[in-house]
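Taking the hints into account, I'd like the entire structure generated from these sequences.
Protein sequences, first through last, are from chains A and B. Note that this note's numbering has the first sequence beginning at 1, numbered continuously upward. Note that this note's numbering has the second sequence beginning at 1001, numbered continuously upward.
No more than 27 Å apart at the CA atoms, straight line, and that leaves these computed lysine-lysine pairs for DSSO-like:
1) B:Lys1083 x A:Lys114
2) A:Lys93 x B:Lys1209
3) B:Lys1101 x A:Lys114
4) B:Lys1083 x A:Lys54
5) A:Lys54 x B:Lys1069
6) A:Lys54 x B:Lys1079
7) A:Lys93 x B:Lys1083
Note that these hints are calculated values from the structure, not bench results.
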Amino acid sequence: MLQTGLTHIESQDAFNKIINENENVMICCGRMGPMCVPVYESMEELEDEYTHVKFADMEFDIPDAHVIRSLPECAGFMGLPFTVYYKNGTVVKATSSLQSMDQITEILDEQFAK
Amino acid sequence: MDENTFDIIILGGGAAGLSAGIYTSRAKLKTLILNEGVVGGQMVLTDEIANYPGVENISGFQLARVMKKQAKTFGCTIKSNAKITGMELDNAIKAIEVNNKTTYTAKAVIISSGGRARTLNVPGESEFQGSGISYCATCDGDFFQDKEIIVVGGGNSALEEAVALTKYASKVTIVHEFDHFQAYPSAVEEARKNDKIHFIMESTIAAFKGDTSLKTAIIRHIPSGKESDMRIDGVFIFIGYVPNTEPFKNLISLNERMEIVTDENRQTSIEGVFAAGDCIAKRWRQVSTAVADGTIAALSAAEYITKQ
Chain A
1 MLQTGLTHIE SQDAFNKIIN ENENVMICCG RMGPMCVPVY ESMEELEDEY
51 THVKFADMEF DIPDAHVIRS LPECAGFMGL PFTVYYKNGT VVKATSSLQS
101 MDQITEILDE QFAK
Chain B
1001 MDENTFDIII LGGGAAGLSA GIYTSRAKLK TLILNEGVVG GQMVLTDEIA
1051 NYPGVENISG FQLARVMKKQ AKTFGCTIKS NAKITGMELD NAIKAIEVNN
1101 KTTYTAKAVI ISSGGRARTL NVPGESEFQG SGISYCATCD GDFFQDKEII
1151 VVGGGNSALE EAVALTKYAS KVTIVHEFDH FQAYPSAVEE ARKNDKIHFI
1201 MESTIAAFKG DTSLKTAIIR HIPSGKESDM RIDGVFIFIG YVPNTEPFKN
1251 LISLNERMEI VTDENRQTSI EGVFAAGDCI AKRWRQVSTA VADGTIAALS
1301 AAEYITKQ
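Given below as structure tokens:
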């Protein structure tokens, strides 16, 4: 389990539940490494501001994380974390490697406009 | 005091800024920490910190969390995602405008804006970050199993990470701008005796090309200017750090490396403006030295306010 303050997705069932029960979802799939941690931190900071978005993380190395790892949108990704944005259960955006707070809020504002 | 008026504003929430915030808020000074990115700064980029006195072993992420909690417990206000869009530092009351809308004022300012990894700043670099270009061997090394990669740089990080990456990659080519390395001789020797490591000296990368992922690096031999294509799966860049001081360029004294010049009390060239951590001119950059700088800046700022 990742040591963050975010909701942890630990199985494929939990993943399906989250993307189907929430309109807007941002999932960061990674490890506790230097490129991943700042993304989790940004998400934690943004939870209060973006109450219409469900933020969650998933450990990259658990078998069930194939739901993220094998997404066509993540093909060619060679940098952790894989961050995926879902609207009504469908992928609308995916990024690879470190993203700044600015890059994240730009995506959230564009994809999940209120 | 209204909600946008403070005693002290701290610009940056890494080890130096959080330490300063802990001290000033504990001294009952109304303190605001403004942070452009993520609280914790470069500290959160460190997997394991084993030389921070008093703590046997902790991840940078956890250490940053404790510091943030301490600052908040003492009453410090921390605002993230706050981009500075205007500054007035010369007057007795300093003003900082954030995100083009809110202006905060204070009697003293502490700049602890930190630093960031230097980039090559060439075409294709940002485009292929995460799809072939990386700045972290421990994070992304395993995506390059049996692949051919380049490591850019000639310091200790570059050579040590090149050796570490041979665990995955079939071939590692070190591209370095000079004809010699800045790294310690032991690190150079370790790299030289590794069969998987090759060297291209006095060269730099002029551009990156590819489609959905990186495919080619264009290597320029610096003395001749001659360019050649190299088919490559991945590139790791380790070429040092730069201070985050661009916004202060025409406001306070910086040295030729763009670092903020301070005296021993961490006072900058402007009265009432102090600076601490990786953004200042100094020799050693550690969490412990950032904490020390932050403490000194906080105590100096508190004394300055009392004397006003």
